[in-house]
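Novice: The chain contents come next:
Protein chains: 2
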Amino acid sequence: MDTGVRRYDGHEGHDGRPLHSLTLHALLEEHRRSRPEHIAAISEGRQLGYPQLADRVMRLANALQDAGVTRGDRILWLAQNDIGVLEGIIAAGMLGAMFCPANWRQTADEMAFVIDDLEPRVIVWQSAEIGPAVQAARDKARHRGALWLALDGDGPGSYEHFVAHGPLAPREVNTDPDLPALIVYTAAFDGRPNGAMLSQTAMMWQSLALIDIQDLSADTRFLNSGPLFHVGTLMVTLAVFHIGGSNVFIRRTDTTRIAQAVHEHRCDYAFLMQSLCHELVALNHDARYDLSCLRSASVSPEWDAMVTVVPARSLFGYGQTEVMGPVTWSYYGWGKSAGRNGRTSPVAQVRILDDEGRELPPGEVGEICVRGPTVMHGYWRRPELNAQRQRDGWHRCNDLGRREADGSLSFIGTKVQMIKSGAENIYPAEVEGCLRQHPAVADCGVIGVPDATWVHSVKAIVVLKPDAPAVTPDELIEHCRARIASYKKPRFVAFVDALPRAANGALDYPALDAAHGGGGYPGGLTRGA
Amino acid sequence: MDTGVRRYDGHEGHDGRPLHSLTLHALLEEHRRSRPEHIAAISEGRQLGYPQLADRVMRLANALQDAGVTRGDRILWLAQNDIGVLEGIIAAGMLGAMFCPANWRQTADEMAFVIDDLEPRVIVWQSAEIGPAVQAARDKARHRGALWLALDGDGPGSYEHFVAHGPLAPREVNTDPDLPALIVYTAAFDGRPNGAMLSQTAMMWQSLALIDIQDLSADTRFLNSGPLFHVGTLMVTLAVFHIGGSNVFIRRTDTTRIAQAVHEHRCDYAFLMQSLCHELVALNHDARYDLSCLRSASVSPEWDAMVTVVPARSLFGYGQTEVMGPVTWSYYGWGKSAGRNGRTSPVAQVRILDDEGRELPPGEVGEICVRGPTVMHGYWRRPELNAQRQRDGWHRCNDLGRREADGSLSFIGTKVQMIKSGAENIYPAEVEGCLRQHPAVADCGVIGVPDATWVHSVKAIVVLKPDAPAVTPDELIEHCRARIASYKKPRFVAFVDALPRAANGALDYPALDAAHGGGGYPGGLTRGA
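Chains U and F are the protein sequences, given in the same order.
Positions 618 to 1146 (the working numbering) are the ones given, in order, by the first sequence.
Positions 618 to 1146 (the working numbering) are the ones given, in order, by the second sequence.
Possibly wrong hints are sitting among the right ones.
The list treats identical chains as interchangeable, and a pair is accepted whether it falls inside one copy or across any two copies.
Claimed, not checked - Think about it this way: if two alpha-carbon atoms lie no more than 20 Å apart in a straight line, the pair counts; the simulated EDC-like pairs of lysine to aspartate or glutamate are:
1) 953 / 654
2) 953 / 836
3) 1082 / 733
4) 1082 / 1060
5) 757 / 736
6) 757 / 1084
7) 757 / 661
8) 1082 / 1095
Since the hints were made in silico from the structure, they are not lab data.
Please work from the sequences and hints to get the whole structure.
Specialist: Okay, structure coming up:
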């Protein structure tokens, strides 16, 4: 019997029948036709319409292909914010390759590590501001095969020259959006970062969620003021592109350039930390910049007078680079939610699992796990880590969370060693979070001290606020007893002046254990996050 | 070199590693956890929370599996609106099967055709109101193997009994959202309807677009007042489900039941034709129903006093069942668009192609073609038609359209035979559309009359409005000359009292040709639409 059923064929790649395929390049070609006179990007004073951007990306992809870039290859971006990041991601997707916007704030040693880890075929680098670090990294790196293109200038050897000389004629392109096309380094558990590989499918699903949540449209003018090597800014860049809006790029977070860009290009949306808002208020004391087009939740009366204050769409959530950003949002609060991190987005599934992969009921703390189209395809060249983080059909976030009775999520903390009290599990992060709510506590770490009967006793190492009134161990223990299950409360409290911390700011638990008698933890859990 | 690249594995089906999979069932299981106390559906006075709906769907899928339903099988719904339609689509997806909500307004012969065309393993049928037609269809159909379940009642042999006795324990389910899970009959080109097979992926992408466009949220209470066998209502049902809102079902469009449901269940959204709004105003003359929760664009002052009038989100677009509804929307007007049908949605690509698959430039009329995740997997058991409609990676809509200079789309008409004027193509639908804009024209058909020099002369056969002032052929020709390219204007105009039409209402062009000297058309085009 011929059922007439045709299988989804978007996955067969170059088969000439991509009936169900949608890619970033396809969106760009659609924008070329749907929005022929609309501004796609403003970058370093240059304004590009969607047809111009589509031409540039076509030339770039063809030039990359002629330079030998093919499926699975990497393109490394060692430069600051620029339209080239968006162009590079789309072009990489056309070739089945992967584009990596690296952290330009890194040291030369860290950049050299990324070069050797990625072994990119092409590197775009920037001389201004970060040139010495990049040059030193180039000298240090063992990987020698890359084509280096300078973002500065437009002569031979520059990115601009490379793009301008790429052929414009369309070629057959990759139509499989499920291949990874983006690598973002993150998750330096053990000191070295790992590159999360994200597909075009992951980007597009997250974009569709963001378009609704952040109220994006073709009229949006998004100021890319945050770094594009972070998913927090990059996901919005991609969503604004997806819906046909305009991305305005400035090289990096800089108060004056932000004010100039908002004033000149009428940006209505940007990520601005509260401290930056205060700087903008101070900078603009003489009202030389018209910032009224920016829509924003209220920060201060001075700020309100300067921007368009709109009702806050609370955008707090839980997520990580490995799942293309947030997977829960307070936007999905549906009334007031008990969990601080809102509810699951319409493009993900979230579970709280124990180490054996069993789902935990509401109220119990376990590892936050995610499944769905936004989940990464693993870390680049980390098969052991991938096997650890992605098993049984779930991506393990290496973070602890709790599903509340009303279905919302609370992020509890990063996943560290577990303290056992009899058969019960105690997560230090949860006890620490409770202690931090006490007005006298400035900082704290919680460890397990071996106990002959109960495996562990909980011990809290506490730094008090200098100006806080005196507090006794019993008062802190009582504070915890009132807020978390009794078996989780500290049995011992020690006061110290400072806690040992690693270079990345994370609490140094081994040092804490050594100094305060901790140890004897059950195995099987990854340290740090 | 181990790149650590893991291929997307959602397509491997029962592989136990559906890391990137998202399905309707997965959404339901997420809602079970995220919205444990939220109303999923109200149907026939019964209110179901998301956990209850999730349990019912689990039982239904298991019962269907125990009844022999497996991958590729069909389930036919010969009944009116009910929560069972949503349950059935989700359960079918779990089994890799397909659910078909059939038109219950059909005659017994038409229902019998669908039964024999689908050869479903299970049929849910309704006795109330449509029982006689269904019984007659059952007798007429050659297909005898189906399990018939009655929607009415809850005793043995009923749908309710079947669901209630399905095992609740989870089983391994299909995790491939790209398999077709829904069949909607449409497109009766030649008198018999064809079943468009749509995947869960198609439904979910369209839902994500609709959530933004129609401002849907978990707070939405959507009144399913239109028929669920039409994609226009069903796509909203699915989108409301996707975002965790509440679907309120009434059996069918009925003014009193609509008023009751809005009043009782505080529905804020519904599809209501303008005539229905006027009926509701008349029905509610004594204000017995509180309809103020309904949000609506303005219809009349009386209506405004009854409902919450919100700024209109103009929802006009272009689409068809075969692509899961609209693929362009006036919502994406980005300013005022020249084309009546707005711009392409963020989940589709649209092209205007000629018969050889070449893209036509803006301003030229060709066939509207679509590519992307919402495109159907073809018509059920119509391999020849599928080969015609889906080729070179594009779904051909069998409709004519034009991309305007500003990138927006104008739907011109259904695709019929083409008239040639020298090397130029003339589409009768375009000329007819122009003629219909004349105030004196009630109806018209345009044909090609063989011409020795130009291949064809255009001839318009016109029905005038009875009360219209007199109009001459020259005036109508001049009317067209002012509006469309001169070579498209009619050279001859004939006035008639009525046009020949087929049973489905379509103009009978062969009859028109025979009566008015038409003929000699170039081949290669599908007749009708």
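Novice: Going through the earlier hints one by one, which of them does the structure break, listed in rising order?
Specialist: 3, 6, 7
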